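J.: This is what each chain is made of:
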Amino acid sequence: MNHEIAEALSLDERATLTLDQLVEMSELPAEELRALVDYGALAPVDPAAATWTFTATWVVVARTAGRLRRDFELDAHSLSVVLRYVQRVEALEAELRALHARAG
Amino acid sequence: MKYKDYYATLGVERSATPEDIKKAYRKLARKFHPDVSKEKDAEEKFKAVAEAYETLKDGEKRAAYDQLGSHAQGQDFRPPPDWEQHFARGQASFDDIDLADLFAGLGGRGGFRRADPNAPIAGRDYEASVRVTLEQAFHGTEIQLDVSVPELDDNGVAHRVPRVVTVRIPRGVTDGQKLRVPGKGGKGVRGGRAGDLYLDIAVTPHRLFRADGRDLFVDLPLAPWEAVLGASIALPTPAGTVNLKVPSGTRAGQQLRLAGRGLARPDGSAGNLFAIVQISVPTVTDDAQRTLYRQLADASNFNPRAHFEREATHEP
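Residue numbers (my numbering), protein chains in the order written: chain Z, 328 to 431; chain X, 19 to 334.
To be clear, the hints were calculated from the coordinates, so they are not data collected in a lab. Treat the numbers as computed from the prediction; the structure is a model and nothing was measured. Where hints are given, some of them may not hold.
Simulated crosslink set (EDC-like; lysine to aspartate or glutamate; CA at most 16 Å straight-line) [unchecked claim]:
| no. | chain 1 | residue 1 | chain 2 | residue 2 |
| --- | --- | --- | --- | --- |
| 1 | X | K205 | Z | D339 |
| 2 | X | K205 | X | E244 |
| 3 | X | K20 | X | D53 |
| 4 | X | K45 | Z | E400 |
| 5 | X | K196 | X | D53 |
| 6 | X | K41 | Z | E400 |
| 7 | X | K63 | Z | D398 |
| 8 | X | K196 | Z | D339 |
| 9 | X | K75 | Z | D339 |
| 10 | X | K20 | X | D143 |
| 11 | X | K263 | X | D233 |
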């Protein structure tokens, strides 16, 4: 039996990724990721930079986008709108959790 | 090989048109997709629906599937003899194969047959839900995961390869957080990179502590005299019991902050632990205690409802 222990990495702002890495992780083509940046659904560290990098926090959003695109056959614009709703729901759920935590 | 009735999964007839199949899929995907649905077992249901659609939406895959004939859901069956040539390079055994992996190998997305049969193929990513206790989230932990990812054999046929992966979960994970374990998904083929393992963390509700991100909250019941006079309280925290000084004149609902006693942040700092004060009133059955409360009532001019009276004087 293999006793090697693998490290689980937090997808936070300390790590950065290239566009190519985000393509691999999200299974979205680069042009779709670029379109999502254009529509404001993804944000590179420096949009004006010649080569974009992204903080690892965007991996979760990009993978969600990859699933939604594949499973609902959405184009980049529809995807950016659906992602906005998904993020709003997540924000509301976080607010609800915060209220429950404080109220008991 | 176990038979899966893809038509029944989508709720369509075997004679359904591609348009009927697409409509049935879209309706079910809208209902069960885990990113948009809160239905019970949505993820499992959606996986079955997506697997059925992946095969039935593609003319070539649907024709190959239809060749299998009609069997009962889950029934063991042997595929036709010419399938080996269709799905594999050379001799292959289909005994331990999942039907979904087999059809995924027939062209299309994630397909194992490419224009260049020697091109590298990346391993599949694998997602798993991991439930941890609050103590495990606080201290970090190691977990063992049973991972079953389709991997290609030498004949190009995908087999589910069960593996046990031991993963170190860092301290300070929060409910709903996603973690990535690089290279622990499916193995790549012909030099392709290995897939990744993605973990979806769920923190089990704790009997004392409630979490909001990396801040923790605990109810702190105080006797009325402890709140009035102040007290030194032994307060449980995930790191062990600490001594908490409750100042005199503490009110119900007040939050006493214990800085840095919450969950660790990736930058090395930590959230806070908040003790939320509740005033617990004892049931007084003893005459001596009742007398003392009466004496206190007579001696005090405290009016907890002064704001009611102020409100009443402002009424038109």
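J.: With reference to the structure, classify each hint as holding or not holding.
T.: Tested hints:
A hinted pair counts as satisfied when its Cα atoms are at most 16 Å apart, and K205 of chain X with D339 of chain Z does not qualify at roughly 26 Å. For the hint linking K205 of chain X to E244 of chain X, the alpha-carbon distance of about 62 Å lies beyond 16 Å, and the restraint is violated. Using a Cα cut-off of 16 Å, the hinted pair K20 of chain X and D53 of chain X is violated, with the two alpha carbons roughly 29 Å apart. At roughly 13 Å between alpha-carbon atoms, K45 of chain X and E400 of chain Z fall within 16 Å of each other, so this suggested pair holds.
Distance check on the hinted pair: K196 of chain X and D53 of chain X sit about 14 Å apart at the alpha-carbon level, within 16 Å; holds. For a cut-off of 16 Å, the pair hint linking K41 of chain X to E400 of chain Z stands: about 13 Å separates their Cα positions. With a C-alpha separation of about 13 Å, the suggested pair K63 of chain X and D398 of chain Z falls inside the 16 Å cut-off, and the hint holds. Of the pairs offered as hints, the one joining K196 of chain X and D339 of chain Z holds, with about 10 Å between alpha carbons and a cut-off of 16 Å not exceeded.
With a C-alpha separation of about 38 Å, the suggested pair K75 of chain X and D339 of chain Z falls outside the 16 Å cut-off, and the hint is violated. Proposed proximity of K20 of chain X and D143 of chain X is contradicted: the alpha carbons are some 24 Å apart, above 16 Å. A hinted pair counts as satisfied when its Cα atoms are at most 16 Å apart, and K263 of chain X with D233 of chain X does not qualify at roughly 20 Å.
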